[in-house]
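Q: Take a look at the letters that make up each chain.
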Amino acid sequence: MLRIGVDVGGTNTDAVVMQGDKILSGVKSPTTEDVMSGVVDAVERALSDAGADKAQVTAVMIGTTHFTNAVIERRHLARTAAVRLCLPAAQCLPPMVDWPDDIREVVGGRFWMAKGGNEFDGREISPLDMDELDGIAAEIGAAGIKSIAITSVFSPVSDEMERGAMARLAKILPDADFTLSSEIGRLGILERENAAIMNASLRALSERTVDAFGRALKKVGLNCPYYITQNDGTLMSREFVQSYPVLTFASGPTNSMRGAAFLSGKTDAIVVDVGGTTTDVGALVKGFPRPASTTVDVGGVRTNFRMPDVFAIGLGGGTMISGDGDTLKVGPQSVGYKLTTDALIFGGKTLTTSDVAVGLGLADFGDKNALSSLEPAYLDAVKARINEMLTNAVERMRVSPDPIPVLAVGGGSILVPEKIGDLPVIRPEHFSVANAVGAAIGQISGEVDRIYSLENKSREDALGEARKEATDKAIAAGAKPESIELLDQEDVPLAYLPGNATRIRLKVVGDMND
Amino acid sequence: MTDVLREVTDADLDAIEIGAAILGTGGGGNPYIGKLRCREELKKGNRIPVIPLAEVPDDWLVVSLGGIGAPVVGVEKIEEGEECLRALRAVEKEMDVKVDALISAEIGGANSMEPMLTAAQAGLPVIDGDGMGRAFPEMQMCTWSIYGHREAPAAMADEKGSIVVIRDTPDDVWLERIARAVVVTMGAAAGLATQPMRGDFVKRAAVPSTITQALNLGRAVLLANENNTDPVQTVIDQENGKLLMTGKIVDLERHLKGGFSVGHISLEGFGAFERDTGRIDLQNEFLVFRRNDIVEVCVPDLVVVLDSDTGLPITTEMLRYGQRIAVLGLPAHKLMRSAEALRVVGPAAFGYDDITFVPMEGT
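These protein sequence lines are chains C and V, in that order. Here our numbering is used: position 65 in the first sequence is 244, and no number is missing along the way. Here our numbering is used: position 280 in the second sequence is 472, and no number is missing along the way.
In isolation and in its complexed conformation, chain V is listed as follows:
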């Protein structure tokens, strides 16, 4: 366990990569490329200072930023490198302000790394926290938006030098739609920075300490593999989570709906769950876990799928018939479980009008 995280160094990156992928609940893109990019920044002598959420001054201006696009494009058309930095500068110019710190909109997956490497480039600190505590597919699903911050003006930058500033939209759902249309034209990969937030707001709205959480999670998995102890149990202990099932994938169905990957996997339990069947629904991320057709864990709580032997996370694109997996439920932060949050990130927001969110058992 780390005390208070003050700086991310090269030695932390492997662990953060694993932890961020676990918190990505199957989506959010693979953080491997981001890890390598952070490493390159550190090699240049740049640093990634980290500020605990509680220490952020009230009057600081904080920008939430990250990559937007398709994860599969992210591993093929790697960024030029300063897309997010240019988006940040564009927001500063639009608002005529100087930003004091950066924060991740989404700790789960690839966007855990983007603010860290932009911080290294800009000489700014990154705040230990994020706007989701996990991964979700759309911008209005982060706590900034849920708790009253307006994300526009927002700026997008591609690798070719194009910068698009979206000055105003009626709400963040429209911002998401317009940004999505722009990013497709840009080649399905861009950096996006949103309107600066005040430090006091960020302290209220951010899910706290999630870089530390990803780091500790990843370290625990690495250590468990080294010591031949059970990595899955390690993750559960660390996160106050619950082992929902160990099972084999006996059916796998994925198709397209409105540009999103939608489908489900069916599981046949093994080990202590030999008599159970399971089902996980996915929309880019894993959303709902059912045991014997009864909902047990659903969004915004985290449905995490790990390799049952190594404890390493399995993303929705890596799923395949016959895989032996461990399904875990991890509790979402209370900021994601409030009435305001559930309207945006609860089961109904993903089309499950028939499911009422009940916080997962024992948490």
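Just chain C, with the same shape it has in the complex:
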């Protein structure tokens, strides 16, 4: 029984083969323009390094930044109809009101506001108007739009309106893809609606990409199921990611943090992932990345779905160094993928952090003789500056005075010193492919985020109800029932409202069914 983890990054595609908790092989391969040939190459090499039998592979888990990049680069986004069920409320701020112009134009900027929506306690703001919806469907059809995002006021409390509107629109638009905001985001209508619209605009790309992953695996000779990793360290089925591509956003840092936890055996730590261009610093709490508490921008669009709290600095293996003494400057510019031509050790003319690492004897690649002009004192000064940058970033993410370890992972982590401040640094085995390991160990989750009235039930009963619902969701998504445990639980009383309304957010996780 083998598992394969793959991480498709901007620069490298990494793959690992795992048997239970054992890592049989790990390889890095350049990411290719078509993405797929890089996947084929990495997986084939990982399998042959492990001497593994393809027939023994039961699952492939893939982490990808493809969808995040599509939004950031405004590429491959489908024209999308935003339908908001709200009237008479919420008409003063139409859908996409706070989007940057360029991305609004790419998705077409078309929206319709209609009657519907609920109050905080489930009452209707107004009932759905079927004639109105039929008119909207006709206009969407006439505009040739195939992708529809439906957002209803307080749909995290009641999703009936969104479902009802979808059923009605689908009668006239049977070929359209629908995204319901209640399935993606939490309270905060603009942010949830933004996420739903982005999701809708990514669905066509998602179908193509997921199919292509399938073809790549088939080409390698793997016929097992494959999964895509979500930004909270859990897995999505092929069908699920086709419906919810936005949930992959920021899965890269998540995978490297989870992988670091697995490789080191530590569940509470600071993770420093040094790549080619940037270093991502995050915090592990109970083996999972700590989520960011505020809204998160993706390509300039405000969203509120769960993302890991990551602090990024411009320090990586390809970071450029200039100046001396007071003018010494490390980053944030990087030679990026041109490292193998531009760095001194590869015959180039640019001094990079990789040159310094080789000069200090921390690594051994390229031509060390190209560094003869660099004084040892200068190298030490650069090293001190790098340590200072890392110390600041780690301090920022540190949440307790406890001396928790720092886990250094990623290809560039040779730059990380033995100690950061008073914290010991651990460089686990296979550190350079931690992200692919993180993908390989992904778990199945179930989540609930809803307002409960505690007028006629106790807080404990409400939490119990929420936990049951989350557990059912996880089992439906493919988790082993006996392995399910509570990952995160939070209840926030809703200020200014009598009737003891409270908002419960709760998440359970479990191991994947074999």
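Honestly, the hints are just simulated from the structure, not real lab data. Incorrect hints may appear among the rest.
Below, simulated DSS-like cross-link-like pairs (lysine-lysine); rule was C-alpha separation at most 25 Å, straight line [said to hold, decoys possible]:
1. K598(C) / K465(C)
2. K659(C) / K201(C)
3. K465(C) / K508(C)
4. K294(C) / K352(V)
5. K445(C) / K352(V)
6. K465(C) / K440(V)
7. K352(V) / K598(C)
8. K201(C) / K445(C)
Given the structure is predicted, the values throughout are model-derived calculations rather than measurements.
With the hints as your guide, set chain V onto chain C.
A: Here is chain V on its own, set in the frame of chain C:
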């Protein structure tokens, strides 16, 4: 620094959003939605003229208005858009008067924006000042009420077209109770306008120049982040405030009491405060700061919580275990520190019979 603020333009809104959230001391609702709504009004060609408090004619009629409800509802069920305008018209009709200008009841949080966007819709100016100089949860806690104005008749409007006029109540505490019951029925979000005040009264009772204050505060934070200078120190310098502590949240407890969010956070100091522990009590807003169990700053002075790195304000709903925060004390305006005011907004009004208000040190 701005000279005299005569008009709020698009370029001012980001800064006012930050400044108003700082003055909200953790509560008052997030002004982001209000900022976007102001922006939409300006795009239509409407304007937001501002009148300095001192220039308000004595015989003008001024209405204090804003949103009432739950902040979390405000970010989900966004308003139809003219709730406050309809409430204003209802008060005018009830009193058979024409109003000359609008003013904010509460500069802290979301209600900083509501009078500005209503002013844009109504073609009226907004006065540079407000009735609290911060945020507080109830209507009787504003200076209009404290210094003798009766808020009833008051009108409330929801997004569906309902208008409720509360013609009379024995006092403003009863107005608050009745309005609170009405707003729950309306879906926990409504616009509310109160009985017009004369210009001469407003000049005596309003906390002056608070739109300018929010604007300058926000600008200073934005500028500090741009120039990589210390945004927290910038806020302190600007407001004659004091850094009470930099600390990490090591305990966080929140629960419900009578529809309000009540609780406390415990802090472990870092940096210059390494040896100290801190505690902040909250009831929607941050109310009391204690160092090593001794009260140092309490209402009506402002206990402000900022992100220690960015200087951006943290609301009570954003608090989480492990956050690194800077706690600041900012002095309340003298109108909020008088004997009459302390009866309504001093520590005893929030259940702290054992705390006597002492103006924060050095102010």
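Q: Taking the hints in turn, state whether each one holds.
A: Hints, verified against the model:
1. K598(C) / K465(C): Holds, at roughly 22 Å.
2. K659(C) / K201(C): Roughly 21 Å between the alpha carbons, so the hint for K659(C) and K201(C) holds.
3. K465(C) / K508(C): Status violated; Cα separation ~37 Å.
4. K294(C) / K352(V): holds (11 Å)
5. K445(C) / K352(V): violated (55 Å)
6. K465(C) / K440(V): It holds: about 19 Å lies between the C-alpha atoms, which stays within 25 Å.
7. K352(V) / K598(C): Violated, at about 62 Å.
8. K201(C) / K445(C): Given pair K201(C), K445(C) holds - Cα atoms ~16 Å apart, limit 25 Å.
Consistency note: the structure conflicts with the earlier hints numbered 3, 5, 7.
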